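Novice: Read off the chains here:
2 protein chains.
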Amino acid sequence: MIRRSLQGLRVVLVEPSHPGNIGAAARAMKVMGLRQLVLVKPRFFPDPEATALASGAEDILASAQVCADLDTALQGCHKVYGTSARDRRIHWPVSTAREAAGEILADLGNGDCALLFGRERTGLTNAELDRCQVLVHIPTAEEYHSLNLGQAVQVLAYELHLAALVLRPPQTAPVVREKPAPAEEMEGFYGHLQQVLRCTGFFQPVRETRLMRRLRRLFDRAAPSQNEVNILRGMLTEMTRWATKVDKKDQDSL
Amino acid sequence: MIRRSLQGLRVVLVEPSHPGNIGAAARAMKVMGLRQLVLVKPRFFPDPEATALASGAEDILASAQVCADLDTALQGCHKVYGTSARDRRIHWPVSTAREAAGEILADLGNGDCALLFGRERTGLTNAELDRCQVLVHIPTAEEYHSLNLGQAVQVLAYELHLAALVLRPPQTAPVVREKPAPAEEMEGFYGHLQQVLRCTGFFQPVRETRLMRRLRRLFDRAAPSQNEVNILRGMLTEMTRWATKVDKKDQDSL
Chain A
0 MIRRSLQGLR VVLVEPSHPG NIGAAARAMK VMGLRQLVLV KPRFFPDPEA TALASGAEDI
60 LASAQVCADL DTALQGCHKV YGTSARDRRI HWPVSTAREA AGEILADLGN GDCALLFGRE
120 RTGLTNAELD RCQVLVHIPT AEEYHSLNLG QAVQVLAYEL HLAALVLRPP QTAPVVREKP
180 APAEEMEGFY GHLQQVLRCT GFFQPVRETR LMRRLRRLFD RAAPSQNEVN ILRGMLTEMT
240 RWATKVDKKD QDSL
Chain B
0 MIRRSLQGLR VVLVEPSHPG NIGAAARAMK VMGLRQLVLV KPRFFPDPEA TALASGAEDI
60 LASAQVCADL DTALQGCHKV YGTSARDRRI HWPVSTAREA AGEILADLGN GDCALLFGRE
120 RTGLTNAELD RCQVLVHIPT AEEYHSLNLG QAVQVLAYEL HLAALVLRPP QTAPVVREKP
180 APAEEMEGFY GHLQQVLRCT GFFQPVRETR LMRRLRRLFD RAAPSQNEVN ILRGMLTEMT
240 RWATKVDKKD QDSL
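Top line first, the protein sequences correspond to chains A and B. Heads up, the first sequence is in numbering that gives the first Met the number 0, so the first residue is 0 and it goes up one at a time. Heads up, the second sequence is in numbering that gives the first Met the number 0, so the first residue is 0 and it goes up one at a time.
So here's chain A without its partners, still in its complex pose:
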């Protein structure tokens, strides 16, 4: 049987409260051939209840990476998918679980990816969703949306497994593209952009968050390579130097 690799995919649980859900997620992953579990500030871990519910997937728990923050969890990932139960008015691209599975498979060809699951009660914060290029939505009944964390992981893992099983090779020749830059490089760029834009007075106070979110969506769609990030940051540096140089020159001419 031919099965495409899901190796480069991290399943990231952000601040899970119930250790049983961590165990259930590990089992759901293993049964569908996923291996990399990353836990951001789990409330209890390791924990006997996690181990009990892993039931045969203890190896996934043993090799799970525990991180103090999301930055560490996403280091080296070039594409981040975030699961979200709620409809978001902001214009994130949204894929269904099934669509996302196919997209993730394709993205794994360019390097590591992450799939984020939020807290049991409150999900992912807007700041965390800002780190995601794509939101993943699991269709549910109208009257009741509350999918348990372990079961949300199960549905996505199942879809990923099926997507990986697709036998036929990609039908079109891949466009030769440089690899997208990893998440931390994009964060560096966004931080730099925001800082320069603050200096310029481009942001009116209330608009800053909303504008940065729009700019993120715009650049995320382009998925800049490392070279391109370097060019963009070079531009920001030169713009700053420009403003500063004019300043300096004038002062020199005093």
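Since the hints were derived computationally from the structure, they do not count as laboratory data. Note that the structure is a prediction, hence the values are computed from the model and not measured. Beta carbons: idealized from backbone N, C-alpha and C, even for Gly. Mixed in with the good hints, there may be bad ones.
Pairs of lysine-lysine, DSSO-like flavour, derived with a Cα cap of 30 Å [claimed, not checked]:
| id | chain 1 | residue 1 | chain 2 | residue 2 |
| --- | --- | --- | --- | --- |
| 1 | B | Lys40 | B | Lys78 |
| 2 | B | Lys178 | A | Lys178 |
| 3 | A | Lys244 | B | Lys244 |
Here are some chain B residues the structure puts well away from chain A; computed CB gaps all over 10 Å [as the list claims (entries may be wrong)]:
| id | residue |
| --- | --- |
| 4 | Glu14 |
| 5 | Ser62 |
| 6 | Ala67 |
| 7 | Leu107 |
| 8 | Gly108 |
| 9 | His136 |
| 10 | Gln150 |
| 11 | Glu184 |
Rough simulated footprint, nothing fancy, chain B against chain A, three-plus residues with beta-carbon under 8 Å [to be verified]:
| id | segment |
| --- | --- |
| 12 | 36-50 |
| 13 | 141-152 |
| 14 | 194-203 |
Based on the hints, put chain B in the right spot on chain A.
Specialist: Here is chain B on its own, set in the frame of chain A:
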């Protein structure tokens, strides 16, 4: 939204040992729009752990039918599907979860159907499988097949929900995307960008054409909308004003 009815479908758990699994199954069902839970000789039921894991799906538990034998559970069903993790040598028709979901939807048009899930450790007996017209198989990784009962119910319920949704054209709200800006607007933006970058001294003479080409490729991939082009040009204008303002202020202070 058009959704075909799953009303006539019974989810039958045969001799479940762990009440937590009954609760998880109820939640998995409700979140995917299934309502009829039937329990054949549950070890513990009702049970506080079942209630805890149902978490919002207590109504499914409250209306669950508890039966002393499988005959009672299947009464009035014209088609019975049985889930099975193992490969069976006997020649039952086997459908994958996805195929079965479509078949069950079609069968519901002719009357009530049942979907059987076996015991946590041992599944369904051969005598119970004899009651099934179709076996349902959830594809798993080669190395580890052991899907938890609640998660098996979740996967099937999810597939049934999607199958029921099939009639309605798009499965999720389409991503709200603004129309890409027309070519002349993009040209206006590129011209503006080039002019500002010239001022900053970002271009070394030979690199200008090549760099502008790279920047075009990058922004073309994102296909900015008119609004986004306006934001980008606003940034360029503010950057210029920033440089000039510093200049001015210094001159004013002369």
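Novice: Evaluate each hint against the coordinates.
Specialist: Do the hints match the structure? See the list:
| no. | hint | verdict |
| --- | --- | --- |
| 1 | Lys40(B) / Lys78(B) | holds (21 Å) |
| 2 | Lys178(B) / Lys178(A) | holds (27 Å) |
| 3 | Lys244(A) / Lys244(B) | holds (12 Å) |
| 4 | Glu14 | holds (19 Å) |
| 5 | Ser62 | holds (14 Å) |
| 6 | Ala67 | holds (29 Å) |
| 7 | Leu107 | holds (16 Å) |
| 8 | Gly108 | holds (20 Å) |
| 9 | His136 | holds (12 Å) |
| 10 | Gln150 | violated (4 Å) |
| 11 | Glu184 | holds (14 Å) |
| 12 | 36-50 | violated (count 0) |
| 13 | 141-152 | holds (count 9) |
| 14 | 194-203 | holds (count 6) |
The earlier numbered hints that this structure contradicts are 10, 12.
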